[in-house]
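Chemist: Each protein sequence line maps, in turn, to chains A and B. Position 73 of the first sequence, counting from 1, maps to 73 under my numbering, and the rest follow consecutively. Position 187 of the second sequence, counting from 1, maps to 187 under my numbering, and the rest follow consecutively.
Hints in this document: simulated from the structure, not taken from any laboratory. Hints are not guaranteed to be accurate.
Claimed, not checked - For lysine to any residue, the following SDA-like pairs were computed, each having C-alpha atoms within a straight-line distance of at most 20 Å:
#, chain 1, residue 1, chain 2, residue 2
1, A, K238, B, C87
2, B, K238, A, Q154
3, B, K238, A, K238
Protein chains: 2
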Amino acid sequence: MTDGTMAACIIDDTPRATIVPKPRRRAGEVLIRVTLAGICNTDLEIVRGYVPGFNGIPGHEFVGVVEEADDSRLVGKRVTAEINCACGQCEYCRAGLGRHCPTRTVIGIINRDGCFAEYMAVPQENVVEIPDTISAPQAVLIEPTAAALEILDQVTIGKTMNVLLLGYGKLGMLIAHTLITTGCTLTIVGKHPRKSRSCGNIPAHYVPADDFVDGQFDVVVEATGNPAVLERAIANTKPRGTLVLKSTYAGNPPVNLSPIVVNEITLVGSRCGRFEAALAFMQNHYTPVEPLIHKTFPLTDAVQAFTEAAKPGALKVLLKNE
Amino acid sequence: MTDGTMAACIIDDTPRATIVPKPRRRAGEVLIRVTLAGICNTDLEIVRGYVPGFNGIPGHEFVGVVEEADDSRLVGKRVTAEINCACGQCEYCRAGLGRHCPTRTVIGIINRDGCFAEYMAVPQENVVEIPDTISAPQAVLIEPTAAALEILDQVTIGKTMNVLLLGYGKLGMLIAHTLITTGCTLTIVGKHPRKSRSCGNIPAHYVPADDFVDGQFDVVVEATGNPAVLERAIANTKPRGTLVLKSTYAGNPPVNLSPIVVNEITLVGSRCGRFEAALAFMQNHYTPVEPLIHKTFPLTDAVQAFTEAAKPGALKVLLKNE
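Isolated chain A (complex conformation):
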């Protein structure tokens, strides 16, 4: 649209697709025309109202083209953007951990409009240019790939180690792709054998979700989002082993934490990761994203897209904007 408005998905009381004013970029920001965006579980939690205080345009996985920027060399470039917009001054920012800046905004999650719109404005320093060798769906998946790779930034995993991945959904499949590059012996517990087959290029032991995996592992990654799985995850972590918690749970699930103390387990919370690392990973490792794509909707059908993405077993739902 050229009248200063744009199509967008808005969360106020309930999510709706509507027409809103096109954003203006401030100095230091770039204006991006979004071409493809992905719906992740955090978006579904926002849509369901589980993320209190968010009003505006959700969405944080995207690829688009720069329309305006202070630096004219960026105009016309295909880009995505690191989602944490940090102050650049605090102890976390100075330590390279802007992702934990206490005054940060987060694209589509905390106090900043996201990518489920025709246009968005983001800080120029967050912009990551996408090389031609990376497809649009791959570019959209850089953010969750960074979140998957974050595990390897936090925990040392080597060839002699037995690793258990619980959860084989959108994020779980990307985690599997990153874990397997360590040379570890990987066991994956997942709900959907169809997916296991479609990602069968990952050499792992595949176990159906309802089967209890006997034995204990050096590292367990919990990525189901299901709090009922947590005790199983703790039980499958060997003494002095590491349990990586990738899931946030709605509510306060009751948990028996005693085995964590008795077996001196280290539980590592893991969230966002480095975009450059994720881009390099995609360039250097074969990461087929097609098996991850469930369905693509036009942006104007965003509400239907959310419904589809929330169906059990649904993988990545994309929003297209052309």
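The hints should help you fit chain B onto chain A, whose structure is shown.
Modeler: Relative to chain A, chain B alone:
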């Protein structure tokens, strides 16, 4: 007694002080005449029936004199003993982590009689000789001092770090003594200002238990045993910081684990530690144990001693056997 029996505290249905056969040592074991023993929170949990499956003589903090041993040089020596009796063969034992041996027995806790008795038999390899410079109450406290020091084996704590200790009971006070040797800035939240004064030789900020400590810490140690404190402990841990869990909780408390994921907190379960390290610590650092001693009972009054030890605010209760 010389008739082949001895006084002991027995747990079958309820705890009782009684007369039982004196144990016979097997080959590889030493027979110890216990002279002083300490009651810890694990003993209280056993007495209350919170540790399913334990029947026999509880107690694992003690000092005594060797009466019989394969190695005659040990006879007459004043000793205590590492409480985990390990197989010596498995991957944990080979890695120096017999404390996690899956087939271990544990003195007074798992499948092995403990020290609330006139005599006990323990594997010779578990015996730690006590030098004359260490008093009997100090020797009794080597086990909890090892548990306190375990934190420093697991987590690197340095001079630039802000550390918060939640809980200032029997174990908490020993933890404070070990933490302060790192040169860290220590804040202690505890219930009993009397104790704070009595251990006032530890340079720390003392905060009453009901006051919320504002701010976030590099390392938080949870040693209250109160599950209601856990969310506070998580909130006081800074992003990418470490929360050491020293407490086990009865039941399955509801916990909001999301901040652990969002702030990428590392939660470290911590249990038993190395006895040699604890003995060396006591020899090299002034560790006044007197403020920790609440009351001493004769072994035959063990049941009263448990009642006293369970009173709110009670510190270390000892059982004497002369």
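Chemist: For every hint, state whether the structure bears it out.
Modeler: Now for the hints, and whether the structure bears them out:
Distance restraint check for K238(A) and C87(B): the Cα-Cα separation of roughly 17 Å lies within the 20 Å cut-off, and the hinted pair is therefore satisfied. With a C-alpha separation of about 16 Å, the suggested pairing of K238(B) with Q154(A) holds against the 20 Å cut-off. Only pairs whose Cα atoms come within 20 Å are accepted, and K238(B) paired with K238(A) is rejected, the gap being roughly 27 Å.
Hint check: a violation occurs at hint 3 only; the rest are consistent with the structure.
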